[in-house]
Amino acid sequence: MAPITGKVKAAISSWVAYSVGLRHLFHKPYTLKFPQQRYAVEAGFRGRHLLHLDRCTGCGICAWICPEKCITIVQRGDRWFPQYFYGRCCFCHFCTDYCPEFALEETVEYDIAEYTRELLVWSPERLARPPVRKEDKYVFSVDGPRGASQVPEQGH
Amino acid sequence: MTTTDKPSQTTELQSMSPTEPGAQTMTLSVGPQHSGSGHMRLIVELDGDIIINAMPDPGYVHRGIEKIIELRNIIRSIPVIERPSIIDASNLNHAWVKAIEELQGVEPPARGQYLRCLLNEMNRIMSHLYWLSIYGVFLGHTTMFMWPLGDRELFIDLAERLTGARITYSYLVPGGVRRDLPQGFAEEAIKRTIYFEKRLDEYEKIFFENPLFTSRAKGIGTLSPERAIALGSTGPTLRGSGIDRDLRKDEPYAAYSELDFKVHTRPDGDSYSRAMVHMDEMRESSQLIRQILKRLPSGPVRRKAPIVVPRGEAYARVESARGECSFYMIGEGGDKPYRARYITGSYRNMAAIPEVLKGVRLADMPTSWWSIDYWPVEADR
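Chains as they are written, first to last, in my numbering: chain A, 2 to 157; chain B, 80 to 460.
It is possible that part of the hints are untrue.
To be verified - Here are the computed lysine to aspartate or glutamate pairs in the EDC-like style, where the Cα-Cα straight-line distance is at most 16 Å:
hint: 1; chain 1: B; residue 1: Lys270; chain 2: A; residue 2: Asp98
hint: 2; chain 1: B; residue 1: Lys383; chain 2: A; residue 2: Asp144
hint: 3; chain 1: B; residue 1: Lys277; chain 2: A; residue 2: Glu110
hint: 4; chain 1: A; residue 1: Lys138; chain 2: A; residue 2: Glu115
hint: 5; chain 1: A; residue 1: Lys8; chain 2: B; residue 2: Glu124
hint: 6; chain 1: A; residue 1: Lys29; chain 2: B; residue 2: Glu232
hint: 7; chain 1: B; residue 1: Lys437; chain 2: B; residue 2: Glu124
hint: 8; chain 1: A; residue 1: Lys10; chain 2: B; residue 2: Glu288
The set of hints was computed from the structure by calculation and includes no laboratory data.
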């Protein structure tokens, strides 16, 4: 009798597993069709750096603390500024933390991929440009009736 | 692939062959392709399809991290410390800052300690979910591959709000943590942990109670409690053999002494037990997150700590997702350690792999081996 009970139990467990899977057939996907659908990160995200040229004194603490040595201090007239090579940057933002003049800031701009290595070098002038938020509007939410999914941000 | 009657080209494989002439065993090299967790190789000796001997062959992803951290100051080392296991970055980072703080004599503020525990527990869940998804794909259960990776987003998204980064946070620094809790974080985190626990019930129904899994995991790849202790196993592998050992409970660090939680063990020591310990720990960590957020004290999150490793020696260990992670550090008063020995949970559990695989069918090898949660990158460092 025992093997039959075991088989019945196995059959029931299999059907329970199938039913759980079927219930999720119409669940909204977790994924986004990037770059058409773009994920919106919150303020405080450690994206690319924003350099305030007026505050920077060119002291070079950012270059000293950088774990990846991706910062070079370059001259502009009689002043010095950091230049970033994003091919090496690990976005730890210790440079931002250790800047004594608060000249560096983290931004929500994360899509900074380029086709060539040269374009990954960000000059002080390019770092000083305000961050671009291209149509980033999807956020992850668990409030939906069918569970967690990416939904357009409210008020967008 | 070689047989004993046909001499092998590689001396390494020959050394695995049995000595008696005419023996019909075969030595098979599994890997070192990326098997879902990093590059590693298992050399298994088969009699028919029964594994009679297995030998892990690590070192394909060795980075020399112990040497690298001798050359960098303690802050610059933090992103490197996290790299061996980016899915469990916070726990590894915790061992590092704990060793430094021990030498410096700096005690982080209470809120900082709680926030460290918060990220540690989120990381434990994320790491276990990653493990579960690879377990699913090893067994050909594609749904179990998709679901945990999808649900990992619940916590990755939370960690992103807390730290600003999705995976490698560099959040723990000597003296505390880098940021305070953002607005609305606690409510969102509580909502998500409740949702996550409902999802865990579904995982049990679709995978852990599924005969597809139980028939391949129950009673297979057994590790007895005595052998688990003798081989120096740690983490879920040790607890899966019924040994109640968890550093969060046995040597409480950060805020763990003030938190209520259970250490989950399973007595059988087979693949199923080890898998279920991971499952139980995810539930426990989920309730621990809610508890931390409810009991979170007010105050500062960070205390001033110099970028100096004072002269002396320190040993710090924490319970990471895969077991005990420790740092032995020697300082000589500079901004970098003279020497830092770095041992992770996967490295300790490597010794259990031959024991677990002995007597198992080749088809059951992924189930047994992966139930140890061996992360090659973490073991090679």
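We went through each hint and held it up to the structure:
1. The suggested pairing of Lys270 (chain B) with Asp98 (chain A) is violated, with an alpha-carbon distance near 31 Å, which exceeds 16 Å.
2. Taken as a hint, the Lys383 (chain B) and Asp144 (chain A) pair is broken in the structure, with Cα atoms around 40 Å apart against an allowance of 16 Å.
3. Between Lys277 (chain B) and Glu110 (chain A), the direct Cα distance comes to roughly 34 Å. Violation of the 16 Å bound is thereby established for this hinted pair.
4. The suggested pairing of Lys138 (chain A) with Glu115 (chain A) is violated, with an alpha-carbon distance near 22 Å, which exceeds 16 Å.
5. Taking the CA atoms of Lys8 (chain A) and Glu124 (chain B), the gap is about 34 Å. The hint is violated against a cut of 16 Å.
6. For a cut-off of 16 Å, the pair hint linking Lys29 (chain A) to Glu232 (chain B) stands: about 14 Å separates their Cα positions.
7. In summary, the hint linking Lys437 (chain B) to Glu124 (chain B) is supported, as the alpha carbons are separated by about 10 Å, within the 16 Å threshold.
8. Among the hinted pairs, Lys10 (chain A) with Glu288 (chain B) is consistent with the structure: their alpha-carbon atoms are about 10 Å apart, no more than 16 Å.
Against the hints set out earlier in the document, violations occur for numbers 1, 2, 3, 4, 5.
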